[in-house]
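Asker: Given next are the chains, with one letter for each unit.
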Amino acid sequence: MPGRNDQNEVGAKAKLGPGRFRPGFWNGLFGWESCLVPGVASGWQKSVLDRVVIQPACECGPDQQEEGEAAMIKSMSGGSGKGTVLQRLLAASGVAILAVSAATTQIAMSPVGAIQPEKTKPVASDEDDVLIMKSTNLEIRGRILSETDTKIKFKGVQSGISFETEYDKSEILTIKRGKRAPDQTTPGAPNTDSVKVDPNKVPQPTGKEPVKPLADQTGKTKVYVATLKGTFGEDISETPLRNILKDAASQHAEVVIFELDNKWEQGGERLPDEVGELGFVFAAERLTPILTNELPTIFGLAKQPSPRVIFWVKQAMGASALLPFCAKDIYMSSDSRIGGIGGLTQMFKTGDEVVKSKLYSAHLGHAQGWAISGGYDPRIINALCVVEYWLSCKVTGEQVEYYERNADPLKGEELLTDDGTDARADTVKERISGDGNDVLTLDAKKALRLRISKGTADDLDSLLYALKLDRSGLRVDAKSKSITEGWSKQLADAKKQYRKLWEEAGDVRVDAPGDYDARTKARGIRKRKFEAMLSVWDRYHEGMMPWAPQNRLPMEEQLKQYIERIKIEQNADKPR
Amino acid sequence: MKALARMIGLLVLGVAFVASAVYVPSVAMAADKLTLKDGKVIEGEIVREADGVIWFKSNIGTTMYTPSEYSKVEKDVSKPAEENAKPAVPAGSKDEAKPRTAKSGVPRAAVLSLEGMVGIYMTANSIEQCIPLLDEEKVDILVIRIKSGGGALLEIQPLSDMIHLKLKKKYRVVAWIESAISAAAMTAHCIEEIYFMPQANYGACTGFSGDKNAMKGRGLEQVLRDMEKISARGGYDPKIMRAMQISGRAEESSVLDIEPPWGALSCTVDPVTGKVTYYQDATSGEIVLNPRAVAVLTLNSEDATRIRFAKGVAATTDELTKAMGLAEVEWVGKIDPLYKYPISKAEAHMLAFREKTKADETGFQRYVAVYRNYLALAQAQADKTERGKFINKAREALNQIRSMVKNNPNFALFNWGGIEEFNEWVAAQEKLMKEIAGGGR
Chain A
1 MPGRNDQNEV GAKAKLGPGR FRPGFWNGLF GWESCLVPGV ASGWQKSVLD
51 RVVIQPACEC GPDQQEEGEA AMIKSMSGGS GKGTVLQRLL AASGVAILAV
101 SAATTQIAMS PVGAIQPEKT KPVASDEDDV LIMKSTNLEI RGRILSETDT
151 KIKFKGVQSG ISFETEYDKS EILTIKRGKR APDQTTPGAP NTDSVKVDPN
201 KVPQPTGKEP VKPLADQTGK TKVYVATLKG TFGEDISETP LRNILKDAAS
251 QHAEVVIFEL DNKWEQGGER LPDEVGELGF VFAAERLTPI LTNELPTIFG
301 LAKQPSPRVI FWVKQAMGAS ALLPFCAKDI YMSSDSRIGG IGGLTQMFKT
351 GDEVVKSKLY SAHLGHAQGW AISGGYDPRI INALCVVEYW LSCKVTGEQV
401 EYYERNADPL KGEELLTDDG TDARADTVKE RISGDGNDVL TLDAKKALRL
451 RISKGTADDL DSLLYALKLD RSGLRVDAKS KSITEGWSKQ LADAKKQYRK
501 LWEEAGDVRV DAPGDYDART KARGIRKRKF EAMLSVWDRY HEGMMPWAPQ
551 NRLPMEEQLK QYIERIKIEQ NADKPR
Chain B
1 MKALARMIGL LVLGVAFVAS AVYVPSVAMA ADKLTLKDGK VIEGEIVREA
51 DGVIWFKSNI GTTMYTPSEY SKVEKDVSKP AEENAKPAVP AGSKDEAKPR
101 TAKSGVPRAA VLSLEGMVGI YMTANSIEQC IPLLDEEKVD ILVIRIKSGG
151 GALLEIQPLS DMIHLKLKKK YRVVAWIESA ISAAAMTAHC IEEIYFMPQA
201 NYGACTGFSG DKNAMKGRGL EQVLRDMEKI SARGGYDPKI MRAMQISGRA
251 EESSVLDIEP PWGALSCTVD PVTGKVTYYQ DATSGEIVLN PRAVAVLTLN
301 SEDATRIRFA KGVAATTDEL TKAMGLAEVE WVGKIDPLYK YPISKAEAHM
351 LAFREKTKAD ETGFQRYVAV YRNYLALAQA QADKTERGKF INKAREALNQ
401 IRSMVKNNPN FALFNWGGIE EFNEWVAAQE KLMKEIAGGG R
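Protein sequences appear in the order of chains A and B. Each residue of the first sequence is one higher than the one before, counting from 1 in my numbering. Each residue of the second sequence is one higher than the one before, counting from 1 in my numbering.
It cannot be assumed that every hint is accurate.
[As the list claims (entries may be wrong)] Some, not all, of what chain A presents toward chain B, calculated at C-beta under 10 angstroms:
(1) LEU344
(2) ALA371
(3) GLY375
(4) ILE568
(5) ASN571
Hint data in this document are derived by calculation from the structure and do not stem from the laboratory. The structure displayed is predicted, hence computed values, not measured ones. Glycine residues also receive a C-beta, built at the ideal position from the N, C-alpha and C atoms.
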């Protein structure tokens with residue numbers, strides 16, 4: 001840029017030359033965040049003195065941008081663009097590119113179906129026997145009428161329709177026997193509970209934890225259902241999640257069900273399972289503390305006990321895969337998946353191996369922690385994240401044993417993931433079909449078998465039935481939809497507005513006759529555009545990252561610098 | 001290259017801090033006896049007691065024992081027998097460490113949070129400013145709640161010294177870990193009593209700079225040695241920290257220009273005594289800790305309690321109270337619904353410190369740009385009055401920079417090389433402004 005070197009001398013006199021300040025340095029020798037936060041770390045690395053930005057950087061190449069800057073100097077200085085004091089000063093200076101109120105409406109929950117066979121007795125209760133079928137992983141509730149070594153005669157209800165049939169025991173994955181008086185035990189059945197819990201193991205979801213017996217005066221349990229749908233980090237972000245919890249607390253919800261269905265696509269095309277999302281731990285960490293730390297506080301503020309939180313997964317790929325593990329209860333739809341985080345140890349291409357290992361370890365430590373807080377075995381997280389990790393398991397009744405090695409089929413062990421090397425690397429076909437085992441992707445069947453999922457439900461009624469809330473529950477989520485969908489719409493509008501304001505700021509030109517007043521007016525307009533952008537940023541910034549830097553739009557601090565810059569320009573331009 | 005050279009300079013500075021710090025116990029040996037739950041009897045001297053927790057100095061160093069770990073305390077065994085078999089009692093029974101309890105016999109505890117980048121948000125200086133406030137509120141138990149992804153090497157030793165040499169002498173210091181990665185774990189490592197939150201993580205302490213360039217050679221050997229000393233402060237087997245610092249895979253560690261052993265780690269927990277024996281390999285112990293899925297150790301709450309590194313797991317202050325073995329405790333501070341623990345005066349100070357630091361960290365480059373611009377504008381004015389106006393504006397910006405350094409002196413360290421250098425720079429700027437104001441430039 002013409003004249004820049006000359007003007008740097010002014011800066012040199014102030015002894016604030018390049019290298020004197022090293023903002024990048026304090027990102028630390030032992031830190032880890034700086035390696036990944038998109039758009040921020042790289043911004044900090046740029047010296048404050050490295051760039052002169054007078055006109056907002058528009059969506060153009062660097063050369064074009066420089067032309068734009070020159071035009072702005074010319075326009076704002078009101079001169080030819082050459083040799084004015086203001087221009088020289090501006091060129092010399094550097095600006096771094098840096099990076100509900102409660103609705104009282106309560107909707108009585110509709111029963112699962114029109115037909116209810118036994119009116120005198122609750123359809124779903126602890127007295128129910130439950131069969132989990134091998135082929136479908138569906139839970140069937142009802143009562144075992146009789147039983148032999150190979151057959152079970154069963155009377156149950158499925159999707160609201162009662163039936164009576166006989167099953168071959170080979171078709172059944174698990175039989176959970178309901179609690180009933182001794183005289184009610186099934187003829188021929190062992191009078192034992194099928195659930196075996198090893199107290200030395202991590203508490204595994206067993207499906208036997210009682211539904212929280214909290215109920216309001218009507219005797220019904222207050223249920224809040226919220227849908228988390230869309231792009232993780234944008235549609236599914238902090239504000240809507242907090243607002244859902246606040247609303248749920250104000251409605252005295254005792255059970256909060258999050259239906260999770262995140263977008264897993266690029267350019268409109270669905271991503272395969274094995275694609276590992278980079279930076280997924282940082283992305284997830286924006287939301288997980290809300291569930292692990294803030295939830296009790298939010299409910300405490302409403303003088304409510306913490307609710308039972310249930311994740312009903314339709315799709316949890318990428319960073320969102322870690323969310324359900326914060327809750328003790330996971331249910332899945334039959335075509336759902338949890339995964340897309342298998343790229344952890346391929347995340348970094350450059351640097352010393354030991355440093356990469358450190359960073360992978362830190363990432364894994366965070367992800368494991370959330371799983372532990374939800375009561376899941378952290379080795380599942382390893383298998384989801386690390387290609388080189390061996391994990392096999394043995395399912396015995398309700399108990400799952402994990403082994404960090406190859407499986408021994410003779411002992412009834414099952415291989416979940418191998419080390420993905422040489423001949424063990426998944427083929428393209430396996431990757432496409434989702435049948436690979438380099439990293440773990442949990443589908444409904446696998447999750448149920450590993451006791452990670454407590455059940456499979458394809459619609460809300462089935463889920464509520466499985467939770468025994470179909471008749472005993474009272475929906476209190478009238479505002480839920482407006483919170484989540486409203487946020488998505490507002491965010492989309494905010495992005496449009498942000499971009500528009502930026503473009504408008506770049507289009508501001510000094511009106512004729514180009515005198516001081518005209519320049520003042522132009523600066524005022526531009527400043528107000530930047531202030532308006534700051535206001536948008538303030539409200540929606542959580543959904544604007546990494547969208548803004550990816551679209552070469554400025555972020556908060558950059559806007560503040562532009563505003564300061566305008567103030568200085570105005571001061572310098574004042575007639576004397 | 002210059003920046004790199006300065007960075008190395010600071011790194012060496014950090015190492016020098018570490019090397020010069022040698023903990024010298026100030027108490028001579030006496031004849032106390034401590035009988036552990038496993039029947040083992042240790043002879044030495046009780047150097048400190050608080051709420052049943054005993055710091056016992058023996059020929060293997062000073063170790064902290066919680067009430068759950070010992071069964072009997074015998075003080076000064078040379079005295080008549082009836083005076084010896086005194087039960088462990090809260091520190092209040094000893095003049096030196098008298099608890100300043102509001103309710104008789106109930107210890108007072110405060111939570112002090114250390115969060116964010118070590119060296120910028122987690123600093124020894126900010127903790128030191130909290131000590132008078134902790135004393136004012138008569139705190140007995142200081143719970144240091146840590147949530148940090150690490151930071152600068154050069155702040156680790158000052159933080160360790162602050163905790164070990166100052167805080168531990170005044171309070172029963174407890175670490176409560178939400179996340180302690182890298183320099184944050186190295187900071188907490190001098191604390192004998194560590195509790196994990198369920199979601200906690202602790203480790204990944206490999207030093208690096210730039211684009212994932214690992215510390216190597218002499219510098220790394222020095223940090224490994226320094227962390228052995230800090231491990232001794234906390235009473236931890238140094239093999240644990242080594243496994244957090246270097247890889248358990250030979251191919252990753254052998255290129256670091258240091259002597260083996262590498263960072264593999266396994267251990268065996270004696271089922272009877274509970275004693276944990278560590279091995280710096282992945283084969284000798286029954287429990288393999290490193291390498292597993294990855295090759296640098298980060299402990300989660302399950303593993304940390306299984307190998308007795310953590311004394312317990314607590315999600316809330318109530319759970320922490322129980323885990324600490326206390327029947328009752330008075331949590332100091334005001335209830336703020338936004339926090340899971342009461343906010344003491346010290347914690348309020350710490351929160352304010354971090355808030356200003358955050359504003360200054362993000363605004364620093366703006367402060368500099370504004371200062372430089374107004375200075376340049378002043379210089380360009382022919383009229384003295386006009387120059388004065390712009391000088392005043394420049395001074396306002398300079399004052400913002402001063403205020404930033406006053407709140408957090410480490411800004412001076414990281415940006416100017418130290419507080420002296422910063423003061424020199426400010427003096428030079430004052431002189432420059434004076435000259436410009438007088439028309440001399």
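Asker: Each hint: holds or not?
Answerer: Quick rundown of the hints versus the structure:
| no. | hint | in the structure |
| --- | --- | --- |
| 1 | LEU344 | holds, 8 angstroms |
| 2 | ALA371 | holds, 9 angstroms |
| 3 | GLY375 | holds, 9 angstroms |
| 4 | ILE568 | holds, 5 angstroms |
| 5 | ASN571 | holds, 7 angstroms |
In the structure shown, no violation is registered for any of the earlier numbered hints.
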